[in-house]
Every structure is written in structure tokens, then in C-alpha cells.
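Visitor: Please model the complete structure; the sequences and the hints are all you need to start from.
Line order of the protein sequences matches chains A and B.
Each residue of the first sequence is one higher than the last, beginning at 438 in the working numbering.
Each residue of the second sequence is one higher than the last, beginning at 2 in the working numbering.
Simulated from the structure, these hints should not be mistaken for laboratory data.
Beta carbons: idealized from backbone N, C-alpha and C, even for Gly.
Distance condition first, Cα-Cα at most 16 Å in a straight line; then the derived EDC-like pairs of lysine to aspartate or glutamate:
{"no.": "1", "chain 1": "B", "residue 1": "LYS9", "chain 2": "B", "residue 2": "ASP69"}
{"no.": "2", "chain 1": "A", "residue 1": "LYS748", "chain 2": "A", "residue 2": "GLU651"}
{"no.": "3", "chain 1": "A", "residue 1": "LYS529", "chain 2": "B", "residue 2": "GLU81"}
{"no.": "4", "chain 1": "B", "residue 1": "LYS32", "chain 2": "B", "residue 2": "ASP147"}
{"no.": "5", "chain 1": "A", "residue 1": "LYS755", "chain 2": "A", "residue 2": "ASP694"}
{"no.": "6", "chain 1": "B", "residue 1": "LYS112", "chain 2": "B", "residue 2": "ASP147"}
{"no.": "7", "chain 1": "B", "residue 1": "LYS124", "chain 2": "B", "residue 2": "GLU92"}
{"no.": "8", "chain 1": "B", "residue 1": "LYS71", "chain 2": "A", "residue 2": "GLU440"}
{"no.": "9", "chain 1": "B", "residue 1": "LYS96", "chain 2": "A", "residue 2": "GLU440"}
{"no.": "10", "chain 1": "A", "residue 1": "LYS443", "chain 2": "B", "residue 2": "GLU93"}
{"no.": "11", "chain 1": "B", "residue 1": "LYS105", "chain 2": "B", "residue 2": "ASP147"}
{"no.": "12", "chain 1": "B", "residue 1": "LYS112", "chain 2": "B", "residue 2": "GLU92"}
{"no.": "13", "chain 1": "A", "residue 1": "LYS443", "chain 2": "A", "residue 2": "GLU545"}
{"no.": "14", "chain 1": "A", "residue 1": "LYS785", "chain 2": "A", "residue 2": "GLU545"}
{"no.": "15", "chain 1": "B", "residue 1": "LYS71", "chain 2": "A", "residue 2": "GLU545"}
{"no.": "16", "chain 1": "A", "residue 1": "LYS451", "chain 2": "B", "residue 2": "GLU92"}
{"no.": "17", "chain 1": "B", "residue 1": "LYS112", "chain 2": "B", "residue 2": "GLU178"}
{"no.": "18", "chain 1": "B", "residue 1": "LYS9", "chain 2": "B", "residue 2": "GLU211"}
{"no.": "19", "chain 1": "B", "residue 1": "LYS105", "chain 2": "A", "residue 2": "GLU440"}
{"no.": "20", "chain 1": "B", "residue 1": "LYS254", "chain 2": "B", "residue 2": "GLU233"}
{"no.": "21", "chain 1": "A", "residue 1": "LYS748", "chain 2": "A", "residue 2": "GLU648"}
{"no.": "22", "chain 1": "B", "residue 1": "LYS281", "chain 2": "B", "residue 2": "ASP265"}
{"no.": "23", "chain 1": "A", "residue 1": "LYS755", "chain 2": "A", "residue 2": "GLU586"}
{"no.": "24", "chain 1": "A", "residue 1": "LYS451", "chain 2": "B", "residue 2": "GLU93"}
Here chain B is said to cover these stretches of chain A; the calculated rule only asks that three of the stretch's residues, wherever they fall, bring their Cβ under 8 Å from a Cβ of chain B:
{"no.": "25", "region": "441–454"}
{"no.": "26", "region": "534–543"}
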Amino acid sequence: MVELLKFEYYRIFKSVFWWVMAAAAAIIPVLTVVSVMSVLRMITGDSFDYSDIDLTNANIRFGNWYVISYFYERIPLIIALFVPLFLGRDYKDGFIRNKLTAGHTRFEVFTSAVITQVSVTAVLSIIYILFAIISLLLCPLELNLHKGEMLVRALTLILSLCATTILFTSLSFMIKSRAAAVVLTIVFVFSTNIFAMLATNYSYNHRIIHEYGELYNEAAEKLSYDNVEEFDEDSYFNVGWYIGHPIFVLTNAGLGDELLPSVGITSIMMDEDAFSYTNYVYRKGFTNHILSALFTNNYMTYIIDSKDVNKIDGVEVKVSQVELEYNIKSVCWGAIFYGCGYAIFRKKNIF
Amino acid sequence: MDNQMMLKTTGLCKSYGKKEVLSNIDITINKGDIYGLVGRNGAGKTTIMRILTGLQMPTSGSIEYGFDNKRLGSIGSLVELPSIYSNKSAEENIKYQYLNLGLKFDDSIYKTLEFVGLHTTGKKPVSKFSLGMRQRLGIAMAIVGDPDLLILDEPINGLDPQGIIGVRNLLIKLNREKGMTIVISSHILSELSKLATRYGFIDGGRIIREATESDVEHTSEKIMLLSADNFEVLCQKLVEEGYKAEVVSHPGKITLHGDANIADIAIFAKTNGFNITDIKTDDSDLENFYVGLVGGKQNG
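Guide: Here is the structure:
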């Protein structure tokens, strides 16, 4: 195993692709800082001179969160290319046969690839974060790591990316064609947006809806309007919910929406309380769902206020609990991807 | 050559779904052997080699090794195509094989390249190598770490005559100078006969015979190949006349087994109204032995 790890790291070190990726991981945060500053400039000032930019605390907080955590959206695309192309060469050129005929077990071959690829993802993420920190230090946004909480959250994001890397590694070992493996991993990266949308839109569970219903009916009783119907719980549990909710519960698809700051301008303008990341997060999918209902049904605004949503048990969850849930899911999925990948590779005929 | 067993397979079977490609393969390879696996396309030679090297798992059966097969690099192999990084140079590929086997980089890298005549290729990527150079690099990769057993599947496939001679000499050198035991398969039986000391004849996924070099020399029968119009009808007439003739071994031609007289055959054909366009006698012991085994069996 040690021989194979040395082999893999030597090969990565000699790979031009690796150095290009490392450079990209260093450049992206710099460009992200520039783009965030440009957006803030447009909102807060009328010139392109960043030195006199008048930033509020909310602006700075958003900028820091956004820049530091942006790697979660960019690194997957990089590893979706790197992992299958790098590992696929072993199949394409047949070097994997040398590893097996040399006497390495299939477990060692597979595990060494998983370890090295996961470490590539971790190192790329760390390079990104380091350059993000340096860029923030050098710009008017100023560096604010929120007493280290930002770095703790970055670890949750990195762990999730590591699970994704194990999936990509397994796919690369299952599929002999490099092109097919790249297509699959890229499709996975892009389709996760769809899964994330499904997952977060249907984040609410039976208990939350039931409590919301009680809140709604209680408020409705106080009104004297005849046309206010009783709350219909079942209308929330449609086909979309039956597909989206298991995705939310079982996978990391909702992680981006729950732990990352929204990209929208409204987020930048939000005040301290509404944009709190320090103690609590909202199950945004559900909150957004209720808010959109308030928008579309005017009479509902007389029945229930968006602030009432916070009274529902289970809607407001501690960040640390959400992080723990996602960390557990990352470890479990990583183990599942590893197990499936190895089970298939173990029996695979190598031609 | 002593008779220390290097490798022994017992009841080796391999199936793909319901299709059985290997059935009860029992072979024994002794130390110092150059063991030639002989068989037609699809007979199962490559599958045996893939199983011996661990690239494929047998459906059933066992393999016993007479050496420490857990040692990294104890088995060197070149199965079909060389397993080399095409975008790297020969030296880099050898370095990767050193890492693969847990060996330290030293002068022996250069010596290995020199051994196969690739020490002057510099930084030229393997993708720009000729087929012969790639095959030699493949062999160089296979011999890194001084393997106890070298498994080579069609190592001279597609080589020009000079390349064939080069690989042949290389293998003889490895066997004689380093005492390496070699398992080799090739379609070019005349070449194989110049190398192998023992043979395993395989047909339809079964070992039909194991033989030594002297078995082949003493047991082989002569064969004659005839090209003629209506060769199938002529073949039937020859069989009726008492000749051991068949058209299976060499498609489009009649294969005559045994000591048939060319003049007698020519006269017989002429008398029966057949036009013989070509007659060849084949003196290759191995080829005759093989045809005698496989062709004879199919006639029967």
C-alpha cells in the first residue's frame, strides 16, 4: 500500500494537470473577491475606486462568507475533470495491470486511489481557502473568520466534497472509458443543482407542516372572514415532496442552501438578525415556501406572519447540529461509494 | 534445468455467464522452463495468462506457486499490449514500475533500459515509439525487480523480423543468464519452437497435451498442404483412398498427415480430374505436432 501511495503521489506531482488545477484553485478566490467587491461597489458607490467603498457590517459578513465558501461550488467541477482523467489513464494505457500483476491486491489499488484523490480534493480546497484569506486580508472587505466558525464550516464542506471524490473515484474504476467517466461526473456536478432545488424546496416534514397548520388554524379562528378555509396538510405532500424530501434527508443536496450564504443581492442588504449565521440557521426551503405562499395568497398575510414561522418547532436549527448531520451523511455516503466501488472493482476483469 | 515446481494449476475453470472458456486446466511449470502455450485464437491462452497474473479471477480451481508470490514483482508480465504510460518516456515508465514495486531509483534503471536496447531514447514519449520499441519496453517493465516468473502473451505480435530476433535473443538471455522461468504464447510456432523447452497445447479451453521439447521432436508427423480446385471434393476422394486428409487445420487447403508421396498425390489428383495449384511440405516439428493434435482430433 505504501508503495502505491508513493506511486500515486509521485504521479500527481509530475502531472501538469495537477499544477494547472492548483493554480486555478489559487486564482478563483482572487477573482471571487474582485467580483464580490464589484457587486458591492455597484450597490454602495458610484465609482470603481474600491478604496473609498462604504461597507456595512452586513456587506463585510456576506463578502467573507461568500468568498471563503465559494470553493464548494467550484472545486467539484475541477475534480469531476481531474479524477476520471487521471485515474482513467491507468485503464487507457493499461498501467493498472502492472499494479495487479506486481502483486498488489485490488483492495490496495482501489484504496490507494481513493486516499490520494481525496487528499487532492482536500489540498485544492485548502489552497483555495488560503488564497481566499490572503485576498480578503488585502482588500477592503477585511478578513473576519467569525471566531473560526467559518473554518469549521469549511471543514464540513470539504468533508462533503471528499465523499463526492470517492464517488468519482469509484466511477472511474467502474468505467473503463475515460470520456464516459468524465461525462458522468460532469453530469453529476450539474445535476446536483436540480437535486439541491428538489431537496431544499421539500425540506419540511410532517411535524413541521402539522405545527404550521395548527398555527395557521389558530390565527384563522381569530379572524371573522368566511372564505378562510381550514389548513389542508395533505396539499403539501405531493409527488414532488415524496421525491424531494428523501433526497433532502438522505443526501447532502441541501447543504449548499443551508450552510452557504445566498448569492442574491437581498442577502447583502439583510440586517444582522435576519442574516445570522452564528447561532442558528433556518430550514430555508421551508421558509421560502411559506414566504412564497404569503406572496401568492394575499389573504394569508392577514392570517400568518413570516415571523410566526420561527415559532414552529424544528424550523430553527442550530448550525452545529446541521453541520453534524451533514458530516455524518458525508461519512456514510463516502463509505457507501467506497464499498460499491470496491465491490465492483474486486470482481472486475481487467483486460 | 531442475524439476522444482514454479507454478501448478489444478482444475482451473473460467466462465463468462454460461459460456465456459476454460475447463479444468491442469498445468505444471518447472523452474527454468520456457513454457510455450500453443493454441488457436480463442482457445483460452490469454485467459490462462490473465488468471496467472491476477488480472482475472478463475471461476474455480487453484494455483500453487513454488516461489514467494507475495513478493512485489515476483511475477512479471506482458499480456497482449505493453502496460505503459504513452505520454511518458521509457525512463519515466521504468521509474513508475520501480515505484510500483517499492524499489529505489538507482543505476539499474539505466541498465534495464540498456538490456532491452532503449537506453538512447531520452525524453521521447512512448507514443512516438515503434511497435517493436514498445514491446521491448513492455518486456523491460516486466523484468523490473527480477521476477521469478515471466508471463508473456504474444510478445512478438506485429514485430518485424529484426524485432522478432531481438525479442527472441532477449528472452533466451533472460532464461539462461538470469535463470528466469518464462511462460510464453505465440501464434508464430516456428519462433516458439526456437524458444520453448516445454509446451502446453490448448484447444477449446482445455489442455489437450503437455509435452517436452524432445516429445515434440520425436512424435511430430510430417504434413503436406495442397491447394487445388474443388479441394473439398478432392479431400473426400483422398480420404476414400486411405489418406489422412482434412481441410480444417488450414482453411482453403487440404492438409495431408503422414508420409505421403508428392508424386503419388499429384498423379492421383490428375487421374481424378483435379488441378493441383500448389503443394507444400511442412517440416516445422511444432507445427506438425500441433496439427497432429488438433487437426487429427477434429478429423476424428
